[in-house]
Amino acid sequence: MDEIYMDYQAAKPVDERVLKEMLPYFNEKYGNPASLHTIGDQATEKLEESRKKIAQFINASENSKIIFTSSATESNNLALIGAAQRYKKKGNHIIISEIEHISIFNICKYLERNGFEISKVPVDQFGIIKFEKLKNLIKENTILISISIASNEIGSLQPIKEISEIAKEKNVLFHTDAVASESVLPIDVEEIPIDLLTLSSNDIYGPKGVAALYIRKGVRINPIIIGGGQENGLRSGSHNIHGIVGFAKAAEIMKREIDSESKKLKLLRDKLIKQILNIIPNSYLNGHPEKRLVNNAHFRFDYIEGESLILGLKDHGIAAATGSACSSKTLEPSHTLISCGLLHEEAHGSLLFSLGRYSKEEDIDKVLEILPKVIKRLRLLSPLTPPKLLKQYEVNN
Amino acid sequence: MKSTQYSKKVLDHFRNPRNVGVIENPDGYGKVGNPVCGDLMEIFINIGKNENNEEIISDIKFRTFGCGSAVATSSMITELAMGKTIDEAYKITRNDVADELDGLPPIKMHCSNLAADALQAAIRNYREGTKPDVEIITSCQLEIKVILGFDEFLGKGTYKKVDDLTEFNDKRILIVDNGDKSLELAINLTKITGRVILITSGKYMPGSKDLQSKLKKSDVKMLYESELLEVRGTDDVEKVIIHDYDEDNNYELFLDSVIILEER
Numbered sequence: 000m001d002e003i004y005m006d007y008q009a010a011k012p013v014d015e016r017v018l019k020e021m022l023p024y025f026n027e028k029y030g031n032p033a034s035l036h037t038i039g040d041q042a043t044e045k046l047e048e049s050r051k052k053i054a055q056f057i058n059a060s061e062n063s064k065i066i067f068t069s070s071a072t073e074s075n076n077l078a079l080i081g082a083a084q085r086y087k088k089k090g091n092h093i094i095i096s097e098i099e100h101i102s103i104f105n106i107c108k109y110l111e112r113n114g115f116e117i118s119k120v121p122v123d124q125f126g127i128i129k130f131e132k133l134k135n136l137i138k139e140n141t142i143l144i145s146i147s148i149a150s151n152e153i154g155s156l157q158p159i160k161e162i163s164e165i166a167k168e169k170n171v172l173f174h175t176d177a178v179a180s181e182s183v184l185p186i187d188v189e190e191i192p193i194d195l196l197t198l199s200s201n202d203i204y205g206p207k208g209v210a211a212l213y214i215r216k217g218v219r220i221n222p223i224i225i226g227g228g229q230e231n232g233l234r235s236g237s238h239n240i241h242g243i244v245g246f247a248k249a250a251e252i253m254k255r256e257i258d259s260e261s262k263k264l265k266l267l268r269d270k271l272i273k274q275i276l277n278i279i280p281n282s283y284l285n286g287h288p289e290k291r292l293v294n295n296a297h298f299r300f301d302y303i304e305g306e307s308l309i310l311g312l313k314d315h316g317i318a319a320a321t322g323s324a325c326s327s328k329t330l331e332p333s334h335t336l337i338s339c340g341l342l343h344e345e346a347h348g349s350l351l352f353s354l355g356r357y358s359k360e361e362d363i364d365k366v367l368e369i370l371p372k373v374i375k376r377l378r379l380l381s382p383l384t385p386p387k388l389l390k391q392y393e394v395n396n
Numbered sequence: 000m001k002s003t004q005y006s007k008k009v010l011d012h013f014r015n016p017r018n019v020g021v022i023e024n025p026d027g028y029g030k031v032g033n034p035v036c037g038d039l040m041e042i043f044i045n046i047g048k049n050e051n052n053e054e055i056i057s058d059i060k061f062r063t064f065g066c067g068s069a070v071a072t073s074s075m076i077t078e079l080a081m082g083k084t085i086d087e088a089y090k091i092t093r094n095d096v097a098d099e100l101d102g103l104p105p106i107k108m109h110c111s112n113l114a115a116d117a118l119q120a121a122i123r124n125y126r127e128g129t130k131p132d133v134e135i136i137t138s139c140q141l142e143i144k145v146i147l148g149f150d151e152f153l154g155k156g157t158y159k160k161v162d163d164l165t166e167f168n169d170k171r172i173l174i175v176d177n178g179d180k181s182l183e184l185a186i187n188l189t190k191i192t193g194r195v196i197l198i199t200s201g202k203y204m205p206g207s208k209d210l211q212s213k214l215k216k217s218d219v220k221m222l223y224e225s226e227l228l229e230v231r232g233t234d235d236v237e238k239v240i241i242h243d244y245d246e247d248n249n250y251e252l253f254l255d256s257v258i259i260l261e262e263r
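Residue numbers (numbering that gives the first Met the number 0), protein chains in the order written: chain D, 0 to 396; chain Z, 0 to 263.
None of these hints come from the bench; they were simulated from the model.
Note that the Cβ used here is the ideal one computed from N, Cα and C, for glycine as well.
It cannot be assumed that every hint is accurate.
Said to hold, decoys possible - Residues from chain D that face chain Z, not an exhaustive set, calculated with beta carbons under 8 angstroms:
1) 304
2) 314
3) 337
4) 380
Unchecked claim - Under the rule of at most 27 angstroms between Cα atoms (straight-line distance), these lysine-lysine pairs were calculated in the DSSO-like manner:
5) Z:170 - D:273
6) Z:202 - D:387
7) D:390 - Z:30
8) D:138 - Z:155
9) Z:60 - D:390
10) Z:170 - D:132
11) Z:155 - Z:170
As the list claims (entries may be wrong) - With beta-carbon atoms standing in for the labels, derived distance ranges:
12) Z:231 - D:290: 25 to 33 angstroms
13) D:274 - Z:95: 38 to 46 angstroms
14) D:331 - Z:228: 15 to 23 angstroms
15) D:130 - Z:263: 36 to 44 angstroms
16) D:313 - Z:150: 45 to 53 angstroms
17) D:113 - Z:95: 42 to 50 angstroms
18) D:216 - Z:160: 54 to 62 angstroms
19) D:216 - Z:169: 37 to 45 angstroms
20) D:138 - Z:160: 33 to 41 angstroms
21) Z:159 - D:367: 44 to 52 angstroms
22) D:254 - Z:248: 44 to 52 angstroms
23) Z:231 - D:19: 48 to 56 angstroms
24) D:84 - Z:147: 31 to 39 angstroms
Given these sequences and hints, build the entire structure.
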């Protein structure tokens with residue numbers, strides 16, 4: 000059975016065109032850019048060409064820096080810890096939001112233990128930050144604001160332009176994690192004054208294990224990995240050339256195709272949301288109805304639990320994700336859903352469909368056929384389902 | 000090990016659960032868990048006699064809200080218990096259930112392996128003849144409690160009276176149940192915003208019959224057996240701390256407004 004993949008937020012396949020571009024760099028052009036011989040020169044050339052492509056992807060100026068790293072998590076570490084260390088004499092206050100990615104949360108916990116003060120901006124019921132609150136949180140000793148462009152879970156889009164402008168006005172660095180949005184939302188760091196930006200390769204259909212941090216001209220941060228001084232001393236360690244080549248090719252394709260792809264995904268996603276809310280009783284959309292990633296559809300369903308929902312869908316060959324505690328390592332429900340004001344039992348019944356490059360209308364139709372059945376089966380099992388709804392299900396039998 | 004890495008047997012019981020349903024007027028009934036934690040199980044039993052005139056479980060049914068292992072353990076225990084004497088059935092442990100299922104992921108051993116507890120509760124209920132659904136907490140609205148932070152945030156998210164509904168547009172609101180006026184307000188507010196939560200210390204829907212049926216039809220989200228302890232925020236209300244009597248724990252709820260009507 001071919002699996003219907005609706006979990007692009009978790010991982011994406013590598014585009015065939017990207018894979019083809021990468022292959023020679025495994026065993027033909029395998030040089031190290033640090034070497035002085037021809038095969039080393041080839042690698043240097045390709046490395047700098049790749050850097051340019053990533054810069055073009057986000058419209059970065061020539062004087063800014065693109066630092067290659069091993070993961071978006073590493074980029075976030077470099078941005079937050081690197082900036083905190085660099086600017087600690089100026090201040091020790093950092094602002095993030097209540098719905099940041101877990102990597103940002105845990106980096107901030109680490110910084111807190113090391114003498115930094117962390118404030119979290121609350122969000123409204125749609126998962127969008129309260130901008131006035133953010134403004135009021137900025138103090139004399141604030142050195143950095145880190146807020147993602149979009150939530151990786153519920154897809155809510157943050158007012159990035161306003162945030163970056165207030166940060167600039169108050170002379171505070173602004174970092175944003177673009178991983179959740181980079182495949183559907185073009186970024187222009189010249190139009191929006193972002194100081195530090197995290198990008199991931201896999202999230203634009205490049206290989207895993209490679210990512211980047213954009214650093215605006217004039218912004219200084221400290222390295223967190225020390226060694227041979229690669230990447231201007233900001234990220235030591237031999238270059239993952241084949242990964243970087245793939246990342247750059249993925250960025251080149253994405254830049255070209257992002258508009259048409261987003262349009263297609265929005266049509267599919269809108270159909271999915273409209274139909275599910277229409278045909279499944281007691282179903283709700285999490286996040287904002289319009290201000291959300293075009294490939295994100297995040298629901299919750301009363302009376303059932305998310306992990307059993309995922310297992311039920313899996314039996315029918317559908318891959319999706321949930322914010323339920325029972326599927327996590329910590330058994331805590333998603334902090335994003337709780338911060339939007341959901342109760343724990345509501346967060347347990349959540350389901351995320353994220354669409355991507357290879358999503359087809361047939362996939363949506365299949366989900367619309369299967370999902371109501373799986374939900375019905377679990378609701379018939381559940382002691383929480385009210386008699387009225389049980390009756391409704393029996394009548395429709 | 001992934002929390003969802005289940006054995007074939009667990010998956011089989013999840014896909015084809017045995018003995019699902021309800022027994023009307025059962026001889027014994029047990030309920031354990033809490034939807035807040037993600038698991039809730041009910042077990043119904045009927046008692047018969049075997050040839051040695053010992054009491055046995057002659058029929059058993061279950062309903063479960065929970066993850067894959069919660070469903071599977073419930074299903075498994077009904078198979079294990081069916082036909083056993085009640086003394087034998089009472090001795091079935093969580094480990095027995097897990098072993099019969101060829102093991103559970105370690106993280107699931109405690110949280111989603113409550114079926115043995117539910118069966119024991121049902122047997123105790125039969126033996127002791129206690130009412131299965133003993134109400135411990137009664138609705139109490141007369142006592143005036145101090146809620147930390149409520150006065151501090153008056154005009155910044157907390158309200159003692161409401162004149163203009165429109166200022167609650169798209170807000171997440173918590174209303175404390177203190178009489179019919181508060182219930183009517185909750186229902187009216189659902190026209191303004193999608194998120195109205197009514198908190199009550201009682202176990203059942205408060206208010207007059209008429210209001211109860213209106214509340215049931217409305218989008219008001221009910222929080223039973225709970226008490227508002229504290230309102231928190233920086234400049235204005237950001238979240239509240241709620242005590243859950245049933246679970247005896249406190250948790251945070253993010254919201255924008257808290258209403259405790261002065262006039263009842």
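Hints, one by one, checked against the model:
| no. | hint | in the structure |
| --- | --- | --- |
| 1 | 304 | 5 angstroms, holds |
| 2 | 314 | 6 angstroms, holds |
| 3 | 337 | 7 angstroms, holds |
| 4 | 380 | 6 angstroms, holds |
| 5 | Z:170 - D:273 | 23 angstroms, holds |
| 6 | Z:202 - D:387 | 20 angstroms, holds |
| 7 | D:390 - Z:30 | 23 angstroms, holds |
| 8 | D:138 - Z:155 | 21 angstroms, holds |
| 9 | Z:60 - D:390 | 19 angstroms, holds |
| 10 | Z:170 - D:132 | 15 angstroms, holds |
| 11 | Z:155 - Z:170 | 13 angstroms, holds |
| 12 | Z:231 - D:290: 25 to 33 angstroms | 27 angstroms, holds |
| 13 | D:274 - Z:95: 38 to 46 angstroms | 44 angstroms, holds |
| 14 | D:331 - Z:228: 15 to 23 angstroms | 21 angstroms, holds |
| 15 | D:130 - Z:263: 36 to 44 angstroms | 37 angstroms, holds |
| 16 | D:313 - Z:150: 45 to 53 angstroms | 51 angstroms, holds |
| 17 | D:113 - Z:95: 42 to 50 angstroms | 48 angstroms, holds |
| 18 | D:216 - Z:160: 54 to 62 angstroms | 56 angstroms, holds |
| 19 | D:216 - Z:169: 37 to 45 angstroms | 40 angstroms, holds |
| 20 | D:138 - Z:160: 33 to 41 angstroms | 35 angstroms, holds |
| 21 | Z:159 - D:367: 44 to 52 angstroms | 47 angstroms, holds |
| 22 | D:254 - Z:248: 44 to 52 angstroms | 50 angstroms, holds |
| 23 | Z:231 - D:19: 48 to 56 angstroms | 55 angstroms, holds |
| 24 | D:84 - Z:147: 31 to 39 angstroms | 38 angstroms, holds |
Checked against the numbered hints above, the structure violates none of them.
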